[in-house]
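Using the hints, put the two chains back together into the complex; each one sits in its own frame.
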Amino acid sequence: MKKTFAIFSVALACFTLRAQDAASVAMPFSVVPRNVSTLAKGGVTSAEAAAVRLLGDAGLDVNASWFSWAPQGVSSNNINVDAYAKLSQRFSLDAQFALDMSPNAVIFTDDGSKKGTFAPKDMLIKLGAAYRITPELSAGVDLKFMNSTLAAKNSYSAVGADIMAAYSFGGAKLAAGVTSLGTSVKASDGTTFALPTAATVAGKYNLSFAQKHSLEAAAQVDYFFKGGVRAGVGAEYGFNDLVFARVGYSLGLKSPVPTYLSVGLGAKFSGICINAAYLVGSAAIANTLAIGAGYTF
Amino acid sequence: MTKKFFYSAALACLLFCACESLEEDVEVPVTPQEDVVNETSLIPGQMIIELSDELVEQLEADLAQGNFVQTKSGAVNSVFQGIGATKVERLYPDAGEWEPRHREAGLHKWYRITYDPSLPQTKAVRSIDEIPGVVYSEPVRRVKSTATFNDPKLPEQWHYYNNGTLTAKHKAGCDINVVPVWERYTGGTSNVIVSVEDGGIDLEHEDLAAVCMKGGANGSKNFVTGSYQISAHSHGTHVAGTIGAINNNGKGVSGIAGGLDGKGGVTLMSCQVFQHNPDDPKHDLSGGFHEAMVWAADHGAVISQNSWSNVYDSEEDAKRGSAGSMSSAIDYFIKYAGTDANGYQTGPMKGGVVIFAAGNEAWSIGWPAAYEPVIAVGSVAPDYTRAYYSNYGSWIDLAAPGGSAYYEKGEVLSTSPDNSYTWAQGTSMACPHVSGVAALLVSYYGGAGFTNEMLTTRLLGGANRKALSSATNIGPLLDAMGAFSYGSSAPPEAPSSHSVNVHSNFLDFSWKVTSDPDDFKAYGFIILASKDEAYLRNLDLRNIPSDIARKSVETGSAKVGSLIEGTISGLDFETDYYTAVAAYDYSNNFSALSPVVRVHTGPNLAPVIVTETPGPVQVKSHETLNIEFDIYDPDGHGINVFFTPGSNAAVNTLLPSGKYRVTISGKDADAGTYYAVYTVTDEFGLSSSFTLRYQIMENHPPQAVSNPENLIFTSMAQKKALNMENYVSDPDGEQLTYTFHMNPVGLVHLNQVENTLNLTTLDYGLARVSITGTDIKGEKATISFNVLIRDPESDPDVYPTQVKDYLSISDGEEKAISITISNSAGTVLYAGSVTCDAFDPARIDMSNWAPGRYGVVVVSGSKTFKTTVVKV
Chain A
5 MKKTFAIFSV ALACFTLRAQ DAASVAMPFS VVPRNVSTLA KGGVTSAEAA AVRLLGDAGL
65 DVNASWFSWA PQGVSSNNIN VDAYAKLSQR FSLDAQFALD MSPNAVIFTD DGSKKGTFAP
125 KDMLIKLGAA YRITPELSAG VDLKFMNSTL AAKNSYSAVG ADIMAAYSFG GAKLAAGVTS
185 LGTSVKASDG TTFALPTAAT VAGKYNLSFA QKHSLEAAAQ VDYFFKGGVR AGVGAEYGFN
245 DLVFARVGYS LGLKSPVPTY LSVGLGAKFS GICINAAYLV GSAAIANTLA IGAGYTF
Chain B
661 MTKKFFYSAA LACLLFCACE SLEEDVEVPV TPQEDVVNET SLIPGQMIIE LSDELVEQLE
721 ADLAQGNFVQ TKSGAVNSVF QGIGATKVER LYPDAGEWEP RHREAGLHKW YRITYDPSLP
781 QTKAVRSIDE IPGVVYSEPV RRVKSTATFN DPKLPEQWHY YNNGTLTAKH KAGCDINVVP
841 VWERYTGGTS NVIVSVEDGG IDLEHEDLAA VCMKGGANGS KNFVTGSYQI SAHSHGTHVA
901 GTIGAINNNG KGVSGIAGGL DGKGGVTLMS CQVFQHNPDD PKHDLSGGFH EAMVWAADHG
961 AVISQNSWSN VYDSEEDAKR GSAGSMSSAI DYFIKYAGTD ANGYQTGPMK GGVVIFAAGN
1021 EAWSIGWPAA YEPVIAVGSV APDYTRAYYS NYGSWIDLAA PGGSAYYEKG EVLSTSPDNS
1081 YTWAQGTSMA CPHVSGVAAL LVSYYGGAGF TNEMLTTRLL GGANRKALSS ATNIGPLLDA
1141 MGAFSYGSSA PPEAPSSHSV NVHSNFLDFS WKVTSDPDDF KAYGFIILAS KDEAYLRNLD
1201 LRNIPSDIAR KSVETGSAKV GSLIEGTISG LDFETDYYTA VAAYDYSNNF SALSPVVRVH
1261 TGPNLAPVIV TETPGPVQVK SHETLNIEFD IYDPDGHGIN VFFTPGSNAA VNTLLPSGKY
1321 RVTISGKDAD AGTYYAVYTV TDEFGLSSSF TLRYQIMENH PPQAVSNPEN LIFTSMAQKK
1381 ALNMENYVSD PDGEQLTYTF HMNPVGLVHL NQVENTLNLT TLDYGLARVS ITGTDIKGEK
1441 ATISFNVLIR DPESDPDVYP TQVKDYLSIS DGEEKAISIT ISNSAGTVLY AGSVTCDAFD
1501 PARIDMSNWA PGRYGVVVVS GSKTFKTTVV KV
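As they're listed, the protein sequences go chains A and B.
As numbered in our numbering, residues 5 to 301 make up the first sequence, in order.
As numbered in our numbering, residues 661 to 1532 make up the second sequence, in order.
In short, the hints are calculated from the structure, not lab data.
Where is the CB? At the ideal position from N, CA and C, for every residue including glycine.
Keep in mind that the hints are not guaranteed to be accurate.
[Unchecked claim] PhoX-like cross-link-like pairs, simulated, lysine-lysine; straight-line CA separation at most 25 Å:
{"id": "1", "chain 1": "A", "residue 1": "LYS118", "chain 2": "B", "residue 2": "LYS1523"}
{"id": "2", "chain 1": "A", "residue 1": "LYS119", "chain 2": "B", "residue 2": "LYS911"}
{"id": "3", "chain 1": "A", "residue 1": "LYS157", "chain 2": "B", "residue 2": "LYS1464"}
{"id": "4", "chain 1": "A", "residue 1": "LYS119", "chain 2": "B", "residue 2": "LYS1069"}
{"id": "5", "chain 1": "A", "residue 1": "LYS258", "chain 2": "B", "residue 2": "LYS1464"}
{"id": "6", "chain 1": "A", "residue 1": "LYS125", "chain 2": "B", "residue 2": "LYS1464"}
{"id": "7", "chain 1": "B", "residue 1": "LYS1464", "chain 2": "A", "residue 2": "LYS230"}
{"id": "8", "chain 1": "B", "residue 1": "LYS1069", "chain 2": "B", "residue 2": "LYS911"}
{"id": "9", "chain 1": "A", "residue 1": "LYS125", "chain 2": "B", "residue 2": "LYS1475"}
{"id": "10", "chain 1": "B", "residue 1": "LYS1475", "chain 2": "A", "residue 2": "LYS118"}
{"id": "11", "chain 1": "B", "residue 1": "LYS1191", "chain 2": "A", "residue 2": "LYS118"}
{"id": "12", "chain 1": "B", "residue 1": "LYS911", "chain 2": "A", "residue 2": "LYS118"}
[As the list claims (entries may be wrong)] Here are some of the chain B residues that sit facing chain A, going by a computed Cβ distance under 8 Å:
{"id": "13", "residue": "ALA1194"}
{"id": "14", "residue": "TYR1195"}
{"id": "15", "residue": "VAL1530"}
Just chain B, same shape as in the assembly (with noise of 0.2 Å):
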């Protein structure tokens, strides 16, 4: 499916933007894709793909984890590093508060890879459809719309450039191609008037009101009111914004015939016969139609644009009704627009062209539209289809972007009231890019002698008829560029002459942009590349055989005299070529060849594999070690990179600098020796490898290396610092992981600081401190220690009191203390003296002893302590 849009996509590209006159030689491509397609209009390594709901979820995971080019699919990983991924993003970020409604509308499965600029987009392509999962794909194609003006809202504007990427569901080239006609001829002059009879325009509009003819005698009025007094209605301003909204002059909006240096292009008069109805806001004032087109024809307006229809009951009335006493008002301004009383012209055309939309009721008649003088204008959707709403038949003359509600961004972008900007569909948006082209083309070849039916001719005779499918039914797409161009008979002039430059099977062309006699410069050049000299003089430029290697490159906005590039790939090595450039224009004109050149590919070298660490390295099990890898063809060509890991120890990593990186972690693999083994391969097979020589060691459990002393802390807030590795340690030398656990808990605060464990004293008690370190392997060595915090001033421990083999007694840190014990008789049993601290106390061997009452008297220092024990 992937690859037949993308087939669908070049040909488009062919029909749309380079070869509307190749016609019939575009049409069957037999050669591989890559060798016609136009790569100058896309950018080189950018892809748009969309993808699965199931790669989708694993993409996301591992995009979570920061494997950006390194996934855990197998195939995406090999595809990726077979086309030089550097990055992975999402093409609509995460939107936050409004994600769940972007994942609903499936905007979550649309990513922008970015790869290797050198690949040949069409390899990339046929690469990435390679990977299970992906559903969609295609180039990202330059936007030059952005270029051609400053006014920030252009980029949205996708009914005058639509390269496919505003959102998923915009196709490109469902536009009306009116940069080229920018860059070429026009952007519309003030001698032409175009009416617009419809609300008022909002005159004050900062992107309208250099281009607005005031409300008076002679210039815009209020048909509604009889006065001059012109309302600003929302419709209008719509309206006018696509015929005349001024360009480049850095604000809102882009108009069709809006000028090209800031200042405004054609002259807009506002003919109000709909007026915002403060008593019913639902259905606005009006009137004043006939008498508001007929006050424009005899105020200097040529083209009288009607985004209105009349009203019926239902699609069965409306098939019985006409233009009915309008048809008299059109018929006045077609005949009498542009011309003084007496016949003479005096505007830039004779007589006058009426634009009407054809209505909104999906039915298939529409009045006045259906009117035959009139041009009828029905509506497109952003992707080629007729929109939901719009009338449709025979009857109508062109198809223009009137826009769809039912897309994100789908509507059409204009001014509105008050300086400020709104998407509307209808008709009625569609209708003013026909009226905003013809005041281009009034504005490029007005003058004596032009006539409305010349305009007629071009306006009709350009427009696009392959781009909408006859079930569309609201006629061909309007075509601006086809329109200015139409009629072109004289091909451009031939390249005088071409050089080319060879690597490998590369061959880069440059040459001069030519002029052409009637369409100032070539549309585009086609260059050519043949093992057969006299094949290649001989050939039938509109009919190409496939195996002539050639590519077509677009003029773009490259003047007449400079010079441009393009490079024909794919070629046999170490053959003779003999290479020419064809310039073509618009209608299909071309000219003759170019001088011819003979050049010699040069020979195909194995891919190159690089690293300053070349092995064998030895890693030991916690260590992790990382070996960078320069990988690339010599020649340029696309290389697809397999790597066998030897053990699960070895990960291989495509850097964003390009680089390969292997990581050796000695945790991930038992003790050994292991190859990892790097295979690349260019895209015509000729292979290199490499093989990595890694051994993993031993691991050697931690160890246990000393006890600390138990501790006896006097009071609270104490504090220890503990070494831990002094007491556990690893043979490796591995940083060990440190845990500690107490028991009971609360008597000592513990805090880990790198290796050291911070000891601080919260209460009186004995507690059991142990230190486990832990190595990367999850080997294990604890060891134990006491904590002691004990009041100084506090007694003796004598314990246990219910004695039944040895009694302690012990009185904190280190000290001589004498003990005296008694009988319930009163006879001493046990006097003495002993050197005893609280982890090694006295110990009194009672076993022997009868069960009773017992008296000890324990003096320390200056203390006597006397309690009661008992023998059981």
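For reference, chain A alone in the conformation it holds in the complex (with noise of 0.2 Å):
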């Protein structure tokens, strides 16, 4: 018994150090991936970052989802749309915008008592280019607006950047950058908060095989300035281009990022892909489902 405590105590003091890490990140929708393929590989949005993506083949891809985010935990209604465009072999613009959207919920206050109701959201504005500066090597920068609006008179916002760079050699893409470089947020009481600012490095690998197969992996890990990593792994087996399966996991440490394992299922035909993706896992994050359908050439 007693040590059954002792083992409690120590996890719930691992916790709480990392609940308060997390806890003082500001804006942590905005580490949320959008895109369903990214996120069925276990969220290595690095991977798929501009400039990445401006040393592979695709002239344009353009995607909407809607996201079941977080049934067990701030379950919202995510919905998000983003265009990627490679205007020329040099140089590439992408943009996105994203909603996230909780239920109507009744306001209680300090002494319990019912005060109307109310429907927080959060709102993503993403604006990129991406440069490539030689046949291997590229770099792109992505300029957010985030915003958070609470409540009647409670609305926060911050701007920030993602600045990567990416390098190609045979089959493999590697990058790396810092994201959410940006801003702070200033609560009520004065107390200001840090975006999620962290160094990223990505890499991914693509391998085809016999004609009809091919297989993609990817990783990717992120150190938070504020404390914390997370690292994602993922990999993606595609049929005849036709048909894809998407496995991946996140692991979050004290990190504004939850772990995660993730599966995801997708279709692609003429251009035209739909793609699913679904989490299990941690408390919160579990039973996430997301859909998304996209164009690509």
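Here it is as structure tokens:
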């Protein structure tokens, strides 16, 4: 009994430490993966950055998605629209709009009495550009505007940037950079909170065999300046470039990004793709379902 | 003014009731009035007073609060205590819907005071007069008439016996003084026939039928129609009732000559000369006046009652008038009534008497009343004034009560057709009073040799010439007793002995009523006391010196040989006195003195103050202590009680039992030691005092002993009882006044029963209840607690949903719950299990959490609850 209690106490202490670090990060919704296939591959978002994509073949990529996000936690409906366009062999633009909406909830005051309802929401707008410096090297910048409307008179905003560089060799692509570098958010009591700024390193490798089969593996490590590390790995199997199966794992250590196991399916025909992802694992993130559609050529 | 009245009242008492024959002796009272007032005619211990508007307002406020003898006025209190007042009440009680009119008439200013009956009334009057705001006072006279006959309306027939209490405007003695006649002589006999020349008498009236002659050749007759059919008429029936309504039959009114035994008195002959005119109700049919009077003389009547007069266009016209042809009928009646055709007396009186109303025009002349051979009658109101309508002048022979409608119950009350009774005014109503007394005289004195001249002599000679002022100008006031005793020359027999009982300076006399040779019995007695025996023995009873103590005592209804008592007070202490008793009649004839008896008065003993709680006493600030005192004078003298409270905490009250009570209320004074002092002085200045030491203890404020636990209810109509004494109590042991407050209201019904606060749930929600205990000094202590009424099936409470620092989470009653909080990215930031309840919720410190959305999952038992909160 004493041993159980000791283990529980240590675990709780660790949890508290982690919670304190993760809780102090502003605009955490900005680290949520918005691309369904990326989510299914463990959320390796840096491996899908514009600078990396500029080293690939796609000329246009347009996606729309809907998430039933964290139904055991914040339980929001997230919608996302993003587009990527390679305007030339050296230059691309990308844009994204995301809106995360919590359901209507009753406002309870400090003494527990009811006082109307509220529906908080978060919004993310991102515009980016990438430039291919050499055939193997590219760099990109995404500027982000983030807003949380939490109550009638409580709206918070921040701006930030993701700066990435990518290098391609053989069938592999590597990327490194800094994400969510930007302004802080001031709470109602005057305390300021920083964005989830992190140094990120990612890589992926594509392999095709027997003409109809393809395999992609990706990995990413983020180090958050406020403390915490997050690592993600994912893989995608493609058949005849028609259907895809994906699996991934995200490990968050003192990180604002949760730990979860992801799986997903996709289909593509004539450039039009449909994707789905499902998360298991973490108590809050479990049962998250994401569905998306896109067009790529 | 009130003293003046009282002296006047006392004088009136002597003049009209007791000492008509004393004349000059009683008009020059020098000694204190209480020595000469005949208090046996007064009701001991009662006084009627009229108050000023200011005092009325003050007294009404005191009475409304139940302070009937302990008022806000120190002067009133002092006097009330001094006379031993036990009751103060309105003479005219609240009249409900008529009250505004009563107040407009000033009836609310009249009060009746009940006080120590052993106190001399003269002293009580003097004391009452000392109260600022008392504008009038009078003793309450005994009402003999109600004891005389059992006719229910007799007490309202002031015209027979007026003791001044029927209304404020009625003046005592303004009546015909007939009661002593009923007591001594007669109520009328049936052989005396009075003819009523008027409207027809209601021959079937319950109060008249037995004394009225039926219509017929030898009885009543209708001279309007020439028949024997008498038609009841209100005027004639009213007049008839005054003369002969049957006495002591338990019905309606009394008549002056209505007998004594309920069977009737004199006989009434209705000679109808007025009759109701159905074609012109305002003008009666009339006629046969001459014939009627002659008919009456020829058929046995010896008294002709005439309440009618001739009509003239103006007073000047009337002055030129005369009785005219009517004089022949009048002369005939006067000469031949009571005799047969040969002139021999056949009736109780030889010759007749014709009595006429003077008329109601307020003129100086009226006919036929002014015809010299008749007895003309004017009218007085109930206060010795001439009635506003009455004709006047020296030609009027007698004044009698005709009443006035300007006075409440100021008219004459008599019979009316159909067994009814009505009030009416006029010389028409005064006239039958004279006829009635004349009938009494004939009843008593009538017989062979009794003539109309003898009757007229008594009737006019016995009239009261002092009652009315000369300005009244309607003759002397009819006095039945005066008429009966007129001409009496034989004094009553002297008491053969008397006994005297001495206590202190009181002498209680007792002796036997003596007879009177020509008046049956003595009308009254004078009891006398003197320090000088020779002085007493040689006393001129018609001119008693002021240094002789005496008192008049009316015989009243006491029979010859029965014991009668009287008291002389106010004598010197421890002194030899010589006492005697003398009798007198209504004609002021005095007997000799009774044998002189020597007595020795006793000492004056100081007033006594006795209590079972002599003190010192302690009273807590919230306590009230009552201490009763017996305060009295062992000699029976009147006492003045003065009370010095020592502080506002002590109040003196005179109880209805006659005891005094000191009430000490701790709340009304600061803590400390005080002294309350009674000082009692008798009417001769001898004093006693008593000092009560009392201590008011220091007050300690209430204290909050403990706070009740917060209450959780799970459904409507749940009940909980809290003994508030367990939470707020008083160190002094005082019963606190508890009040309670709830915010918000409506969730719980709060009901206090003594010290228990009963709670009944009405609606779901959270309320804060506070209970405040207040002591008598206004010191307070308050405790508060929460009351939660919560459906156990409802979701856990997670609040506030816009978090600034702490997030509170609970689920009703105490239980373990599991909490998980995650951020918008899905990262779990808090997970744990805690035990909490609604009033001690789990508190999650989110002060260092970044603004944003957070998902909260609470698992409580089998319930899982999810919600979203924001950190701002």
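Original post:
Can the restraint linking LYS118 of chain A and LYS1523 of chain B be considered satisfied, given a maximum Cα separation of 25 Å?
Top reply: 21 Å, holds
Original post:
Close enough to count: is the Cβ of TYR1195 of chain B nearer than 8 Å to one in chain A?
Top reply: 102 Å, violated
Original post:
Is LYS157 of chain A within 25 Å of LYS1464 of chain B, Cα to Cα?
Top reply: Between LYS157 of chain A and LYS1464 of chain B the Cα gap is close to 13 Å, so the pair holds against 25 Å.
**OP:** Would you mind confirming whether the straight-line C-alpha gap from LYS258 of chain A to LYS1464 of chain B stays at or under 25 Å?
**Re:** 23 Å, holds
Original post:
Taking only the CA atoms, is the gap from LYS911 of chain B to LYS118 of chain A under or equal to 25 Å?
Top reply: Distance of about 84 Å is beyond 25 Å: violated.
Subject >> Restraint satisfaction for ALA1194 of chain B [CB to CB of chain A, less than 8 Å] >> reply: Violated: closest Cβ of chain A sits about 107 Å from ALA1194 of chain B, beyond 8 Å.
Original post:
Given the hinted pair LYS1475 of chain B and LYS118 of chain A, is their alpha-carbon gap at most 25 Å?
Top reply: Status holds; Cα separation ~23 Å.
**OP:** Decide if the proposed pair is consistent with the structure: LYS125 of chain A and LYS1475 of chain B, CA atoms, cutoff 25 Å inclusive.
**Re:** Violated - the C-alpha atoms of LYS1475 of chain B and LYS125 of chain A are around 33 Å apart, more than 25 Å.
Original post:
Between LYS1069 of chain B and LYS911 of chain B, does the CA-CA distance stay at or below 25 Å?
Top reply: 19 Å, holds
Original post:
Taking only the CA atoms, is the gap from LYS1191 of chain B to LYS118 of chain A under or equal to 25 Å?
Top reply: 103 Å, violated
Original post:
Given the hint that LYS119 of chain A pairs with LYS911 of chain B, does the C-alpha gap stay at or below 25 Å?
Top reply: Violated, because 85 Å separates the two Cα atoms, which is more than 25 Å.
**OP:** Take the C-alpha atoms of LYS1464 of chain B and LYS230 of chain A, compute the straight-line distance between them, and say whether it is at most 25 Å.
**Re:** Distance ~22 Å between LYS1464 of chain B and LYS230 of chain A Cα, so the pair holds.
Hints 2, 4, 9, 11, 12, 13, 14 from the earlier list are contradicted by this structure; the remaining hints agree with it.
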